[in-house]
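Working from the sequences, and respecting the hints, build out all of it.
The UniProt record's numbering applies: residue 1 is where the sequence shown begins, and numbers increase by one.
It should be emphasised that the hints constitute simulated quantities derived from the structure, not laboratory data. It cannot be assumed that every hint is accurate.
What the hints assert, rightly or not - Ranges of calculated distance between the beta carbons of each label pair, as one might list FRET restraints:
| # | residue 1 | residue 2 | range |
| --- | --- | --- | --- |
| 1 | SER134 | LYS392 | 15 to 23 Å |
| 2 | GLU517 | PRO390 | 56 to 64 Å |
| 3 | LEU498 | LYS391 | 43 to 51 Å |
| 4 | ARG357 | GLN478 | 18 to 26 Å |
| 5 | LEU405 | SER599 | 39 to 47 Å |
| 6 | ASN526 | SER120 | 55 to 63 Å |
| 7 | GLY291 | ALA401 | 23 to 31 Å |
| 8 | ASP323 | THR515 | 20 to 28 Å |
Unchecked claim - For lysine to aspartate or glutamate, the following DMTMM-like pairs were computed, each having C-alpha atoms within a straight-line distance of at most 25 Å:
| # | residue 1 | residue 2 |
| --- | --- | --- |
| 9 | LYS551 | ASP571 |
| 10 | LYS493 | GLU523 |
| 11 | LYS412 | GLU402 |
| 12 | LYS412 | ASP571 |
| 13 | LYS127 | GLU173 |
| 14 | LYS539 | ASP608 |
| 15 | LYS142 | ASP298 |
| 16 | LYS283 | GLU304 |
| 17 | LYS51 | ASP259 |
| 18 | LYS201 | ASP227 |
| 19 | LYS107 | ASP259 |
| 20 | LYS231 | GLU173 |
| 21 | LYS493 | ASP512 |
| 22 | LYS279 | GLU137 |
| 23 | LYS398 | GLU386 |
| 24 | LYS345 | ASP323 |
| 25 | LYS299 | GLU148 |
| 26 | LYS391 | GLU137 |
| 27 | LYS493 | GLU517 |
| 28 | LYS51 | GLU262 |
| 29 | LYS198 | GLU225 |
| 30 | LYS392 | ASP313 |
| 31 | LYS231 | ASP195 |
| 32 | LYS528 | ASP512 |
| 33 | LYS362 | GLU434 |
| 34 | LYS391 | GLU404 |
| 35 | LYS391 | GLU402 |
| 36 | LYS201 | GLU225 |
| 37 | LYS127 | GLU137 |
| 38 | LYS198 | GLU280 |
| 39 | LYS170 | GLU145 |
| 40 | LYS170 | ASP97 |
Built from N, CA and C at the ideal position, the CB exists for glycine as well.
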Amino acid sequence: MLTMSPSTQEMPSEWVPSAGPSGKSASTMARKSVQDVLKLDLNKAGALPSKELLNLMIPTLDELLEVKISNSAYSCDNCESVLLRPVGLTCGHTYCDKCYRALLKAKEKQCSSCGSVLPSCFLREGKISLVIASIVEKAWPKHLEAAEHRILGNDRFTIGKMVEALREYKSAEQIVSCDPLLLSNMSAVYLKLGDVTKGLKKATECQRLRPHWAKTYYRLGAAHEADGALKEAFRNYLLCRVFELKSSSLCGFGNTTSDYWEDKLCDLLQRILPEDLPKEQNKKCAEELWGECLSMADKIQGMESIQCFSLPDSSNFDSADMDCPICQRLLHCPVVTPCGHVFCKPCLGRSLDHDSRCPMCKASLARFLAVRAHTNANLFLTSVVEGLFPKKAEERAKAHAEEELQHILSPKETPIFICTIAFPFLPCPLHIFEPRYRLMVRRCLESGSRQFGMCLPSADGAGGIAQYGTMLEVRDIQYFPDGRFLVDTIGIKRFRVLSTGQRDGYCTGSVDNLTDELPTPEELENLKVLAPDVYRRAKEWCTGSLPYPAKRRIEANFGPMPEYDSTFVGDHGPSWLWWLVAVLPLDHSTQVVVLGLTSLLERMRAVDRVLRRMG
Numbered sequence: 001m002l003t004m005s006p007s008t009q010e011m012p013s014e015w016v017p018s019a020g021p022s023g024k025s026a027s028t029m030a031r032k033s034v035q036d037v038l039k040l041d042l043n044k045a046g047a048l049p050s051k052e053l054l055n056l057m058i059p060t061l062d063e064l065l066e067v068k069i070s071n072s073a074y075s076c077d078n079c080e081s082v083l084l085r086p087v088g089l090t091c092g093h094t095y096c097d098k099c100y101r102a103l104l105k106a107k108e109k110q111c112s113s114c115g116s117v118l119p120s121c122f123l124r125e126g127k128i129s130l131v132i133a134s135i136v137e138k139a140w141p142k143h144l145e146a147a148e149h150r151i152l153g154n155d156r157f158t159i160g161k162m163v164e165a166l167r168e169y170k171s172a173e174q175i176v177s178c179d180p181l182l183l184s185n186m187s188a189v190y191l192k193l194g195d196v197t198k199g200l201k202k203a204t205e206c207q208r209l210r211p212h213w214a215k216t217y218y219r220l221g222a223a224h225e226a227d228g229a230l231k232e233a234f235r236n237y238l239l240c241r242v243f244e245l246k247s248s249s250l251c252g253f254g255n256t257t258s259d260y261w262e263d264k265l266c267d268l269l270q271r272i273l274p275e276d277l278p279k280e281q282n283k284k285c286a287e288e289l290w291g292e293c294l295s296m297a298d299k300i301q302g303m304e305s306i307q308c309f310s311l312p313d314s315s316n317f318d319s320a321d322m323d324c325p326i327c328q329r330l331l332h333c334p335v336v337t338p339c340g341h342v343f344c345k346p347c348l349g350r351s352l353d354h355d356s357r358c359p360m361c362k363a364s365l366a367r368f369l370a371v372r373a374h375t376n377a378n379l380f381l382t383s384v385v386e387g388l389f390p391k392k393a394e395e396r397a398k399a400h401a402e403e404e405l406q407h408i409l410s411p412k413e414t415p416i417f418i419c420t421i422a423f424p425f426l427p428c429p430l431h432i433f434e435p436r437y438r439l440m441v442r443r444c445l446e447s448g449s450r451q452f453g454m455c456l457p458s459a460d461g462a463g464g465i466a467q468y469g470t471m472l473e474v475r476d477i478q479y480f481p482d483g484r485f486l487v488d489t490i491g492i493k494r495f496r497v498l499s500t501g502q503r504d505g506y507c508t509g510s511v512d513n514l515t516d517e518l519p520t521p522e523e524l525e526n527l528k529v530l531a532p533d534v535y536r537r538a539k540e541w542c543t544g545s546l547p548y549p550a551k552r553r554i555e556a557n558f559g560p561m562p563e564y565d566s567t568f569v570g571d572h573g574p575s576w577l578w579w580l581v582a583v584l585p586l587d588h589s590t591q592v593v594v595l596g597l598t599s600l601l602e603r604m605r606a607v608d609r610v611l612r613r614m615g
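Now the structure itself:
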């Protein structure tokens, strides 16, 4: 969190915290005495320990006071005000430009709604989304006009011109009166001008709109403190601190330091419970104060935020304004690029497979490519499209689902990467750069299968593929800014290719899974004798004859030689035997033949012959 000096606390910052999750009902807030809740020894002579009281009051309220806040889908996901000059983030949330710029200056660059870290591509390139801005301008023109006055008022406030600031705030209030930011700022101005009554009134109006907002209670606390109502000030400041702790906000009001609050609240406690009062009277006052804090928290628990934004009638909108520039259809799963343009997520993905530039403005999306897999649909645009054109949105989603079904291969059809040879149980790292294979891997991930076949090209050079291959499963993937990615896969089973085809440039095939035949009793006896001898000689070769640089390369690709495994009944036999098939000096055609053998004893004998020739 960023620290914030006490001198900046009164500034009408636009950056605000969000409240915590939904939780316990108000009935769980049992009335407890100070002794029960705070577990302090209040029988000692002298003043009550203010710091210890605070250190137990705050976490107790934090645990008890769990609230539900429902942010409008049509406002800034940070300050909940109108989306003035909006910027869409990769997590799917949308910020007004002022909150976005505050986010860039924050130490922890995380979305206040979901906690997602802002990717590097948005640290320099985040541009205003003209599509979102156009929608906001049509839907909430008065809110935009009021926001401009509010921002002018903030500028006047910053330079100390309170009368001019109040004039701008009043102009904004005449246009839109339900903006909690505006009411909070007006409360601050009135207190600066010495009008405590009006300052308290605006803070109370702000509480009605945002009962779970930390700044609400800071304004109420400041107004009560200015009026000399110390107990009321303490209660509100205490709740402000609790809501602030629940917040995931990044900067601005939601980042006062713990030292500031400790000094502020301890000072108030010492004024409410002075040292010169008798011990019993102090104890009684402390119990009353705690009971009042619980009563106030109990009341807040049942309050809900009042939303200031609702979607207008669709007659002011044309669905064509929300068409994807690539497919020319209604936006489906809309995503916002760092340059501010909007596309269907699948459409943008296909485009970036071939060109790392924005399809509209040709700006480089190199850094965006590294995070596009984790980019979520923009929540504002999704809500607007589904809210304004529900039937068209439903039809568009249905059409997309049908298209996806066409891309999903039948159980008898497998996507095949024609590149190298892979083996069961062994890793197979891949560097994907061709557009067709980028698409193939993306579809495997999006379908949830995370699997595809790997085959060598046919030995005759006629453009076919080898007869036998290995099914790979994606374990991890690393994206690069230029669109390439490294895929960490591992072999899981073997197959025989029955027939091949093509889909969008990559090979597909009908395959038949291969498994080892069950060894006969005689074969098992032979394996029990042969396998330990093969493993011993292979181990000697690895540790003795194999040059160290070659050993390092082998282990970098396939890992160290697996431990001996005497399990001879299974689909593919022991992993150490496949490791030897991969690392021994065998040509690819021989490896393909061994891959297709369904007799473990035959594979063992083939490896044995190679080891004998070598040594």
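Status of each hint after checking the structure:
{"no.": "1", "hint": "SER134 with LYS392: 15 to 23 Å", "result": "18 Å, holds"}
{"no.": "2", "hint": "GLU517 with PRO390: 56 to 64 Å", "result": "58 Å, holds"}
{"no.": "3", "hint": "LEU498 with LYS391: 43 to 51 Å", "result": "45 Å, holds"}
{"no.": "4", "hint": "ARG357 with GLN478: 18 to 26 Å", "result": "22 Å, holds"}
{"no.": "5", "hint": "LEU405 with SER599: 39 to 47 Å", "result": "40 Å, holds"}
{"no.": "6", "hint": "ASN526 with SER120: 55 to 63 Å", "result": "59 Å, holds"}
{"no.": "7", "hint": "GLY291 with ALA401: 23 to 31 Å", "result": "57 Å, violated"}
{"no.": "8", "hint": "ASP323 with THR515: 20 to 28 Å", "result": "51 Å, violated"}
{"no.": "9", "hint": "LYS551 with ASP571", "result": "29 Å, violated"}
{"no.": "10", "hint": "LYS493 with GLU523", "result": "23 Å, holds"}
{"no.": "11", "hint": "LYS412 with GLU402", "result": "19 Å, holds"}
{"no.": "12", "hint": "LYS412 with ASP571", "result": "20 Å, holds"}
{"no.": "13", "hint": "LYS127 with GLU173", "result": "29 Å, violated"}
{"no.": "14", "hint": "LYS539 with ASP608", "result": "13 Å, holds"}
{"no.": "15", "hint": "LYS142 with ASP298", "result": "36 Å, violated"}
{"no.": "16", "hint": "LYS283 with GLU304", "result": "34 Å, violated"}
{"no.": "17", "hint": "LYS51 with ASP259", "result": "11 Å, holds"}
{"no.": "18", "hint": "LYS201 with ASP227", "result": "12 Å, holds"}
{"no.": "19", "hint": "LYS107 with ASP259", "result": "19 Å, holds"}
{"no.": "20", "hint": "LYS231 with GLU173", "result": "31 Å, violated"}
{"no.": "21", "hint": "LYS493 with ASP512", "result": "11 Å, holds"}
{"no.": "22", "hint": "LYS279 with GLU137", "result": "62 Å, violated"}
{"no.": "23", "hint": "LYS398 with GLU386", "result": "13 Å, holds"}
{"no.": "24", "hint": "LYS345 with ASP323", "result": "13 Å, holds"}
{"no.": "25", "hint": "LYS299 with GLU148", "result": "34 Å, violated"}
{"no.": "26", "hint": "LYS391 with GLU137", "result": "24 Å, holds"}
{"no.": "27", "hint": "LYS493 with GLU517", "result": "14 Å, holds"}
{"no.": "28", "hint": "LYS51 with GLU262", "result": "7 Å, holds"}
{"no.": "29", "hint": "LYS198 with GLU225", "result": "14 Å, holds"}
{"no.": "30", "hint": "LYS392 with ASP313", "result": "16 Å, holds"}
{"no.": "31", "hint": "LYS231 with ASP195", "result": "20 Å, holds"}
{"no.": "32", "hint": "LYS528 with ASP512", "result": "30 Å, violated"}
{"no.": "33", "hint": "LYS362 with GLU434", "result": "21 Å, holds"}
{"no.": "34", "hint": "LYS391 with GLU404", "result": "20 Å, holds"}
{"no.": "35", "hint": "LYS391 with GLU402", "result": "17 Å, holds"}
{"no.": "36", "hint": "LYS201 with GLU225", "result": "14 Å, holds"}
{"no.": "37", "hint": "LYS127 with GLU137", "result": "17 Å, holds"}
{"no.": "38", "hint": "LYS198 with GLU280", "result": "38 Å, violated"}
{"no.": "39", "hint": "LYS170 with GLU145", "result": "13 Å, holds"}
{"no.": "40", "hint": "LYS170 with ASP97", "result": "23 Å, holds"}
In this structure, the hints that do not hold are numbers 7, 8, 9, 13, 15, 16, 20, 22, 25, 32, 38, in rising order.
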